[in-house]
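Trainee: Sequence lines, in order, name chains A and B. The numbering used here applies: residue 1 is where the first sequence begins, and numbers increase by one. The numbering used here applies: residue 1 is where the second sequence begins, and numbers increase by one.
Some clues are possibly wrong.
For lysine-lysine, the following DSS-like pairs were computed, each having C-alpha atoms within a straight-line distance of at most 27 Å [as the list claims (entries may be wrong)]:
#	chain 1	residue 1	chain 2	residue 2
1	B	Lys22	B	Lys68
2	B	Lys71	B	Lys58
3	A	Lys11	B	Lys71
4	B	Lys42	A	Lys78
Bear in mind the hints are in silico, worked out from the structure with no lab data behind them.
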Amino acid sequence: DARVTQTPRDKVTEMGQEVTMRCQPILGHNTVFWYRQTMMQGLELLAYFRNRAPLDDSGMPKDRFSAEMPDATLATLKIQPSEPRDSAVYFCASGLLAGGRNEQFFGPGTRLTVL
Amino acid sequence: GENVEQHPSTLSVQEGDSAVIKCTYSDSASNYFPWYKQELGKRPQLIIDIRSNVGEKKDQRIAVTLNKTAKHFSLHITETQPEDSAVYFCAARTSGGYNKLIFGAGTRLAVHP
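One chain only, chain B, in its complex shape (with noise of 0.2 Å):
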């Protein structure tokens, strides 16, 4: 079945450093990517997303990656500050016109001060 693998599962960087997620997906035919942020507690909450006929998109200081020959794309955080500390979900939607995101398993980063 479709399938997100999402690396690494733990990071920690130091405020001002970047951060790199990266996700692959299996569904060639994969055609939408949101990432979501989640803090201690909350609900995940998109904060950026790219479809299959982009290859990069950016917001302020995050941007997000898509090589569709390779199927993965990543999120990149510049300038990170201790209020990015979250868990950060990938996602791919599916084929078939279901609207159904598969997620990654997650990636908890740690801005430390």
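Bound conformation, chain A alone (with noise of 0.2 Å):
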């Protein structure tokens, strides 16, 4: 069956480096959307995406992150540069909003560490 897919599944990277996640929703689906999890912040959204617009980053540090749609198979999160607090998981998730459906698919994750 379908499934929204992350790329890559773990990275480990040094402060200061340049961080990209990518993510592909399902097929079809016209909102994406990116989240953090922590274990003291729960499931915290950073980015909303509705055909490929952004429509709500109010949860996202603008000074080193950012997410864009290049195109409706493909979302990047980025961090640049990375520090120490964004070692976290971040899940991408994708749903179809239309009649009244809701559901959001999330993708494996990328378990991120910076050290």
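Each chain sits in its own coordinate frame; assemble them with the hints.
Mentor: This is how it looks when you write it as structure tokens:
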């Protein structure tokens, strides 16, 4: 069955390095979400796209984080420069906003460790 | 801003007992309330959802109830099994048509054999 995919699954990097995480939403879905999960903060919404347009990135630190959807099959989340406090699991989710349907389907996540 | 509170943060039950997790939300215009289950090291997966025009929904051993007046909703798991052990998240969709979900902080459920 169709699933959201994310790469890489694990990333270890040093402070100051650029990190790029990629997500392939389920084909036909028109909404994409980026979440960050830590033990302390639970599931935090970072950014939200509908029909590839960014609608809400109020949860994202603007100085170092950026999110884009270059096309309907790819969403990216970039951190530059990375810091140890960015260590977390980053989930991408996609959904079809139509006819009252609201389900969001999560990808497997990218576990980021910044040393 | 919008907020979802979830209780308890941890819940321990014996196999076969029932488990109840409760959430309250702040946005009275919220109209969709999903529940996600996340096993250790895995992705959150939708297990049941309810819309604001329904008071209760059941799927085998899982049920969700919604009280719009009080702005709270609950997840009920009956005849719990060890494989029900996981973190459960409730969420509420905000108003405005943006399909944005606000998640509760999660409940870690442990079912002991």
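Trainee: Which numbered hints are broken by the structure, listed smallest first?
Mentor: Checked against the structure, the only hint that fails is number 3, while the rest are satisfied.
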